[in-house]
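Engineer: What follows is each chain in one-letter form.
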Amino acid sequence: SAVISQKPSRDICQRGTSLTIQCQVDSQVTMMFWYRQQPGQSLTLIATANQGSEATYESGFVIDKFPISRPNLTFSTLTVSNMSPEDSSIYLCSVESQVHTGELFFGEGSRLTVL
Amino acid sequence: QKEVEQNSGPLSVPEGAIASLNCTYSDRGSQSFFWYRQYSGKSPELIMSIYSNGDKEDGRFTAQLNKASQYVSLLIRDSQPSDSATYLCAVNNYGQNFVFGPGTRLSVLP
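Just so you know, the protein sequences line up as chains A and B, in that order.
1 is the number of the first residue of the first sequence in the working numbering; add one for each residue after it.
1001 is the number of the first residue of the second sequence in the working numbering; add one for each residue after it.
I should point out that these hints are in silico values taken from the structure, not numbers from a laboratory.
Don't take every hint at face value.
Unchecked claim - The calculated DSS-like cross-link candidates involving lysine-lysine, where the alpha carbons are at most 27 Å apart (straight line), are:
no.: 1; chain 1: B; residue 1: Lys1042; chain 2: A; residue 2: Lys7
no.: 2; chain 1: B; residue 1: Lys1056; chain 2: B; residue 2: Lys1067
no.: 3; chain 1: A; residue 1: Lys65; chain 2: B; residue 2: Lys1042
no.: 4; chain 1: A; residue 1: Lys7; chain 2: A; residue 2: Lys65
no.: 5; chain 1: B; residue 1: Lys1042; chain 2: B; residue 2: Lys1056
Build out the structure end to end from the sequences listed, making use of the hints.
Structural biologist: So, in structure tokens, the structure goes:
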């Protein structure tokens, strides 16, 4: 299994500010996934980050609001821009198993509260 | 719209009983199926995967898949209080993204 480190683990942010979440994986992976989990709800995919190319965003998510960087095969960042209280959520970084296709491993998540 | 549905619960079972968690999915092209466990305040962790029709057993856990009925279930035998968590069903069609269900909250009562 992959070891995924995320930071910050939690933060309290003011409306209108932006926050960047970092995700570090202990092995090289082709794709990294960013999910959002709003309170009491399941996981929603925000975007898929491939090294060396633009991230692919899911319906309802746009690059201006959630810019993503993927500078190498072990690291990615997700920025939540111009935050509002509706962005209060847990943001999870995820990678796919290199052994068993389709199995996902998740970081510990970043819990954001926007006031 | 590809969907995965689960009963939100909470599902309460006494310690030692069998907990049965159910999941249905809409995409007939789905090829891989997963159950994740998520403790409160923690990230999801994979507990079972199943790819073909029938049963797959791993310790106290059994996953059951019926592609004709578009149905996948998870049985937890000899339920323990430590099994209390939210269980997420996830479905994947190779080359496409995972779709997660809303999760079923399980409570195992001592």
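Engineer: Which hints, by number, does the structure contradict?
Structural biologist: Of the numbered hints given earlier, the structure breaks none, since each of them holds.
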